[in-house]
Amino acid sequence: MAASDKSIPISSSPHPQGGRGWLKIIAAVALAALVLLAWRVFRPIAPPVASKPPVPVKTALVSEQTMAVARTGVGTVLPVMSVTVHTRVDGQLDHVAFREGEEVKAGQTLAQIDARTFAAQLDQALAQKARDEAALANARLDLARYEQLIKEDATTQQTLDTQRALVGQLAAAVQNDEAQIQLARVNLGYTTIIAPIAGRVGARLVDPGNIVRAADANGLLVINQIDPIAVQFTLPEAAFQAINAAQKASARPLTVQALDRETQETLAEGHLTLLDNRIDTSTGTILLKAQFANGEHKLWPGQSVDARLVLGQRERALTVPSGVIQRGPEGLFVYVVDSENKAQLQAVKVDEVDSRGSLTVVTEGLSAGQRVVLDGQYRLTPGASVVERQSAAAETSANTPLTPGPSPAGGRGEGLPGAVREAAR
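Sequential numbering of the sequence shown, starting at 4, is according to this note's numbering.
Below, simulated DMTMM-like cross-link-like pairs (lysine to aspartate or glutamate); rule was C-alpha separation at most 20 Å, straight line:
no.	residue 1	residue 2
1	301	230
2	108	230
3	292	240
4	301	268
5	61	391
With beta-carbon atoms standing in for the labels, derived distance ranges:
no.	residue 1	residue 2	range
6	63	385	15 to 23 Å
7	208	235	20 to 28 Å
8	208	63	51 to 59 Å
These are computed hints drawn from the structure, not numbers from a lab.
The C-beta atom is built at its ideal place from N, Cα and C for all residues, glycine as well.
The whole structure should be built from the sequences, with the hints applied where relevant.
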């Protein structure tokens, strides 16, 4: 019984290992809360994002006006006539009667060759003719006597016939002498060298004292006629039909303008004188020539110019300043300013460029009255806000170098009137 009354004592306190686990969890939660609170208190505050200010630009309106329909090609100025003056006879050059670079008139004396030999040849021919004429006169007198004697049967027919033949022979000799005299006079005249055309003299190629010969290849001097003057140029064969139609539609020769290649200044205005009778198959171009009055000598032989052939007029053409047109990787484009003063990119196609290169005809992409960006494009991106420049100070600010925005397709658009001109061609 004593043994049965014994019992095992049961502990009422918690397990020591379980209590330590709960303490660790509570400590971790408290630490995380402290870290979160510290992060919220000490975290950096990001500055507010400022909106980009509008880009100062200069704009222009798309307008309608009458524009010339023209084709432009690269040309070379040529003299209307060019003559290399040679001597026609051999001899010593005595003197020259011109200054290098001066204007001469047709028929003006340019040089003189020693004429003594040719004067002596003329005198010799004259003397020969006088001798033959005297012999002819005597032979005719004898012929008259023989004709009288034959009537009296005092001479033979053979003698008469021989005398007649002698008279004819001497008459022919006189004619030959006359020809020799003319030849000697011509050669003597060749010793005085005259200007065959009016024009400007170039450099002197032979100095006085030298022996000159008719066979010399270089000649004595070159004369170029520079007023009027000519321009020879080429256009692509695709322009032939338009040129041909314009010529048939016009009662007057087509107008051609000679433009300075750098400044596009109109140097002279003339008319078309030649549309070649064939197209060069090796280059795919057709040759044209125009003539210009050149009293001010703005055109000079050998000069390169742009020759602008005017074919007619284009009514109500849409035009913009050439600086509006930009070139990007996708082709030509402009920035159009919408009603919200935001710049939107617009692809365009162009055709004509006026003679000064200041206006360009747009055939696709724009309409009359639209506002387009003329200056300040390099700072724009599609959708950027813009503001019109109002003062010189604002313009100076707009020209301050900033980080430029990329143009479409990652390139940087640039105003290229020259590129527009090439595209219009």
